[in-house]
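Protein sequences, first through last, are from chains A, B, C, D, E and F. Numbering-wise (the working numbering), the first sequence opens with residue 3 and increments by one. Numbering-wise (the working numbering), the second sequence opens with residue 3 and increments by one. Numbering-wise (the working numbering), the third sequence opens with residue 3 and increments by one. Numbering-wise (the working numbering), the fourth sequence opens with residue 3 and increments by one. Numbering-wise (the working numbering), the fifth sequence opens with residue 3 and increments by one. Numbering-wise (the working numbering), the sixth sequence opens with residue 3 and increments by one.
Keep in mind that a hint or two might mislead.
No copy labels: a pair is met if it fits in one copy or bridges any two.
Unchecked claim - Mimicking SDA-like on lysine to any residue, the simulated pairs with C-alpha atoms at most 20 Å apart in a straight line are: (1) Lys23 <-> Ala86; (2) Lys53 <-> Val70; (3) Lys53 <-> Glu104; (4) Lys66 <-> Asp21; (5) Lys23 <-> Pro69; (6) Lys23 <-> Val3; (7) Lys24 <-> Pro58; (8) Lys24 <-> Thr105; (9) Lys98 <-> Arg14; (10) Lys97 <-> Asp68; (11) Lys98 <-> Gln127; (12) Lys24 <-> Ala86; (13) Lys97 <-> Ser50; (14) Lys98 <-> Ala11; (15) Lys97 <-> Ala17; (16) Lys23 <-> Arg54; (17) Lys98 <-> Glu46; (18) Lys24 <-> Lys66; (19) Lys98 <-> Arg10.
If you are wondering where the hints come from, they were derived from the structure by calculation, not from laboratory data.
Protein chains: 6
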Amino acid sequence: VRPVDEGRAAGRVAAVFEDFKKTRGATAVPNFWRVLATNPDLLELVWSNVKRLMNPECVGRTSKLDPVTREAIALAVSATNGCAYCTNSHTAALKKLGADEETVAEILGIASLFNMTNALADGFQVVPDVKAEW
Amino acid sequence: VRPVDEGRAAGRVAAVFEDFKKTRGATAVPNFWRVLATNPDLLELVWSNVKRLMNPECVGRTSKLDPVTREAIALAVSATNGCAYCTNSHTAALKKLGADEETVAEILGIASLFNMTNALADGFQVVPDVKAEW
Amino acid sequence: VRPVDEGRAAGRVAAVFEDFKKTRGATAVPNFWRVLATNPDLLELVWSNVKRLMNPECVGRTSKLDPVTREAIALAVSATNGCAYCTNSHTAALKKLGADEETVAEILGIASLFNMTNALADGFQVVPDVKAEW
Amino acid sequence: VRPVDEGRAAGRVAAVFEDFKKTRGATAVPNFWRVLATNPDLLELVWSNVKRLMNPECVGRTSKLDPVTREAIALAVSATNGCAYCTNSHTAALKKLGADEETVAEILGIASLFNMTNALADGFQVVPDVKAEW
Amino acid sequence: VRPVDEGRAAGRVAAVFEDFKKTRGATAVPNFWRVLATNPDLLELVWSNVKRLMNPECVGRTSKLDPVTREAIALAVSATNGCAYCTNSHTAALKKLGADEETVAEILGIASLFNMTNALADGFQVVPDVKAEW
Amino acid sequence: VRPVDEGRAAGRVAAVFEDFKKTRGATAVPNFWRVLATNPDLLELVWSNVKRLMNPECVGRTSKLDPVTREAIALAVSATNGCAYCTNSHTAALKKLGADEETVAEILGIASLFNMTNALADGFQVVPDVKAEW
Numbered sequence: 003v004r005p006v007d008e009g010r011a012a013g014r015v016a017a018v019f020e021d022f023k024k025t026r027g028a029t030a031v032p033n034f035w036r037v038l039a040t041n042p043d044l045l046e047l048v049w050s051n052v053k054r055l056m057n058p059e060c061v062g063r064t065s066k067l068d069p070v071t072r073e074a075i076a077l078a079v080s081a082t083n084g085c086a087y088c089t090n091s092h093t094a095a096l097k098k099l100g101a102d103e104e105t106v107a108e109i110l111g112i113a114s115l116f117n118m119t120n121a122l123a124d125g126f127q128v129v130p131d132v133k134a135e136w
Numbered sequence: 003v004r005p006v007d008e009g010r011a012a013g014r015v016a017a018v019f020e021d022f023k024k025t026r027g028a029t030a031v032p033n034f035w036r037v038l039a040t041n042p043d044l045l046e047l048v049w050s051n052v053k054r055l056m057n058p059e060c061v062g063r064t065s066k067l068d069p070v071t072r073e074a075i076a077l078a079v080s081a082t083n084g085c086a087y088c089t090n091s092h093t094a095a096l097k098k099l100g101a102d103e104e105t106v107a108e109i110l111g112i113a114s115l116f117n118m119t120n121a122l123a124d125g126f127q128v129v130p131d132v133k134a135e136w
Numbered sequence: 003v004r005p006v007d008e009g010r011a012a013g014r015v016a017a018v019f020e021d022f023k024k025t026r027g028a029t030a031v032p033n034f035w036r037v038l039a040t041n042p043d044l045l046e047l048v049w050s051n052v053k054r055l056m057n058p059e060c061v062g063r064t065s066k067l068d069p070v071t072r073e074a075i076a077l078a079v080s081a082t083n084g085c086a087y088c089t090n091s092h093t094a095a096l097k098k099l100g101a102d103e104e105t106v107a108e109i110l111g112i113a114s115l116f117n118m119t120n121a122l123a124d125g126f127q128v129v130p131d132v133k134a135e136w
Numbered sequence: 003v004r005p006v007d008e009g010r011a012a013g014r015v016a017a018v019f020e021d022f023k024k025t026r027g028a029t030a031v032p033n034f035w036r037v038l039a040t041n042p043d044l045l046e047l048v049w050s051n052v053k054r055l056m057n058p059e060c061v062g063r064t065s066k067l068d069p070v071t072r073e074a075i076a077l078a079v080s081a082t083n084g085c086a087y088c089t090n091s092h093t094a095a096l097k098k099l100g101a102d103e104e105t106v107a108e109i110l111g112i113a114s115l116f117n118m119t120n121a122l123a124d125g126f127q128v129v130p131d132v133k134a135e136w
Numbered sequence: 003v004r005p006v007d008e009g010r011a012a013g014r015v016a017a018v019f020e021d022f023k024k025t026r027g028a029t030a031v032p033n034f035w036r037v038l039a040t041n042p043d044l045l046e047l048v049w050s051n052v053k054r055l056m057n058p059e060c061v062g063r064t065s066k067l068d069p070v071t072r073e074a075i076a077l078a079v080s081a082t083n084g085c086a087y088c089t090n091s092h093t094a095a096l097k098k099l100g101a102d103e104e105t106v107a108e109i110l111g112i113a114s115l116f117n118m119t120n121a122l123a124d125g126f127q128v129v130p131d132v133k134a135e136w
Numbered sequence: 003v004r005p006v007d008e009g010r011a012a013g014r015v016a017a018v019f020e021d022f023k024k025t026r027g028a029t030a031v032p033n034f035w036r037v038l039a040t041n042p043d044l045l046e047l048v049w050s051n052v053k054r055l056m057n058p059e060c061v062g063r064t065s066k067l068d069p070v071t072r073e074a075i076a077l078a079v080s081a082t083n084g085c086a087y088c089t090n091s092h093t094a095a096l097k098k099l100g101a102d103e104e105t106v107a108e109i110l111g112i113a114s115l116f117n118m119t120n121a122l123a124d125g126f127q128v129v130p131d132v133k134a135e136w
């Protein structure tokens, strides 16, 4: 699947590309969005999801989580799924938000810890506590 | 695998059980730790990991993330892995830290969003941007 | 693990390689099958599985699903698991069956959507409906 | 997280509940949507995604895949992720669309096969074929 | 999907059921095989795979791994995937082979450790060593 | 995240690097440990886990599993998670322990088989047997 060049984008695709660059203060559209553009419906759907949850202030919503926490969740999920493109993007996003390498490493450390405990809880078939106190 | 009763714990197992209750301000030891106790080495190993990363102040460390962020990462990983016991525990932990249901739902919303984008990035085989701007 | 060259294949390995090429109308054996050939038993086992389920007409079976649907399932699973080689293969197979880029993108869109809802259902620990109506 | 009762739903939540029932011809709202309702933004977001991709005719779109194929993808992803609620829902949806048990089993058989081949391709670290022919 | 009762099994299904009981020295057929029986082709396929890899001596093959190691791999994969039925089955199988609870816990400990390091290697996007020495 | 050069390592990082090389009889520190070194706490934590479970004799413990079985579990988990760096490392480790390519392939064959059966057990929503006999 070949990415759509920014110069060749038109209509709904061009509109999402513009909105992405304005919302993120970016000068170019990353490959992820350019491949989604092969299906304009999908591009609109995914971008509206990401904008709503990751840039809530742009759609008139307020979030109970700060931007670093939101990106930390994104990185934790991406590391858990082993998605190379995504871990790269979210590491870059965290650094842009001011997180240093030690913070990124702490996020990955916590994410990896719970991949360990998840495998243990599932492996030992632990039954729920009547009243969780953890 | 049968969980070890608190009353029958001795030696290293009893020591971890005590430390867990003191560190967490808990009155009982959850099933997760009681099944790990079937292998005292493993119990010590996992508890030292969890204590160090989730209760860093108890081992003289400082964290760059606040407790809600750390639990948010734990919940995001657990939901991604579909670990029932773990999502239950971390939801309970978040509520204990003062997070309301809307916050828990926002964490799960963001985690689920990146499960979506991870599958897309992997499915479209997106190649890394020369300079990630996402 | 080094792939087995077609020219050096003999016995059972050569037989599977021939059968693969005949069944698929291919002129070369992909790397996947060439690495499996390091263990002839495994090669036979996996090929017999794939042939039976993906080319059922070649073993006298009928399928209730058409070839595009079968490949769509293969691609959806591969994207969910983040297997790069596999998403590449199944995208190629879909195009060979006549699917255009928009169709591939729709398959990936649906697959990614259910990675989202799966994380939500697991994260919210949704209990089964007495009578599912979804 | 407690599901929102239909009788207590108001405003945007009630609107999505109504739209769900009308779109699906259902008489009750499944637990999945009732727990999402604890965060109305998330409910709207997920429902708009599902409606757009799974009931495209309701939003003036056309799909290149038939409804059984779309549900087959949903079931394959859910089985791969091990999401109990989801496999249950999509099995029910497939039966409602007329798929018999043998078809459901064929979908699961194909999905499981590619979980096998994915682990093999990743485990053997297979490098891409210059020209995929699979 | 309803499991097929042993009493109602006929033809190919009955043949696999008999072969399973003889091979395993079992007096009843577990639910896993009884649900697969809804699609006799799938039942035969999966059983022939399991028999060949887990009971190789019954098909005239030799294995380079001992039975406990083979079940340890099965349990490690099942814990990683969070498959409840499977972790239960493989724990039972290990105990039948003479493994005690401490051994089961060690297997789960090692499996969980590599779920941790996998998330770290993927999260840090570690590039391959020219010459792996780990 | 940039790996820490061995020449620039100091204090706790240098100590772990030395211990790694001594324990493993290695002449260089792999990239995995060099990226963890960006967070010395995390480096110590992960190394102490790996050493305890994979080189138990170095910490005065005994293992109920032999070294090949322990690496087989590591490889099975890594193939299941699709972690490229990790499958590469553990394949190398197995060869160093004397395992030939056929053995590696058998391990991957068994791991892949249970990725298949896991998806089937989850997909068919198999309920536990009263008395597992598998």
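Results for each hint:
no., hint, verdict
1, Lys23 <-> Ala86, "neither (23 Å within a copy, 29 Å between copies)"
2, Lys53 <-> Val70, "within (15 Å within a copy, 23 Å between copies)"
3, Lys53 <-> Glu104, "between (27 Å within a copy, 18 Å between copies)"
4, Lys66 <-> Asp21, "neither (24 Å within a copy, 28 Å between copies)"
5, Lys23 <-> Pro69, "within (18 Å within a copy, 33 Å between copies)"
6, Lys23 <-> Val3, "neither (23 Å within a copy, 25 Å between copies)"
7, Lys24 <-> Pro58, "within (14 Å within a copy, 29 Å between copies)"
8, Lys24 <-> Thr105, "neither (28 Å within a copy, 27 Å between copies)"
9, Lys98 <-> Arg14, "neither (28 Å within a copy, 29 Å between copies)"
10, Lys97 <-> Asp68, "both (15 Å within a copy, 18 Å between copies)"
11, Lys98 <-> Gln127, "between (41 Å within a copy, 18 Å between copies)"
12, Lys24 <-> Ala86, "neither (26 Å within a copy, 32 Å between copies)"
13, Lys97 <-> Ser50, "neither (24 Å within a copy, 29 Å between copies)"
14, Lys98 <-> Ala11, "neither (27 Å within a copy, 27 Å between copies)"
15, Lys97 <-> Ala17, "neither (28 Å within a copy, 29 Å between copies)"
16, Lys23 <-> Arg54, "within (15 Å within a copy, 25 Å between copies)"
17, Lys98 <-> Glu46, "neither (25 Å within a copy, 28 Å between copies)"
18, Lys24 <-> Lys66, "neither (23 Å within a copy, 30 Å between copies)"
19, Lys98 <-> Arg10, "neither (29 Å within a copy, 26 Å between copies)"
When the structure is compared with the earlier hints, violations turn up for hints 1, 4, 6, 8, 9, 12, 13, 14, 15, 17, 18, 19 and for no others.
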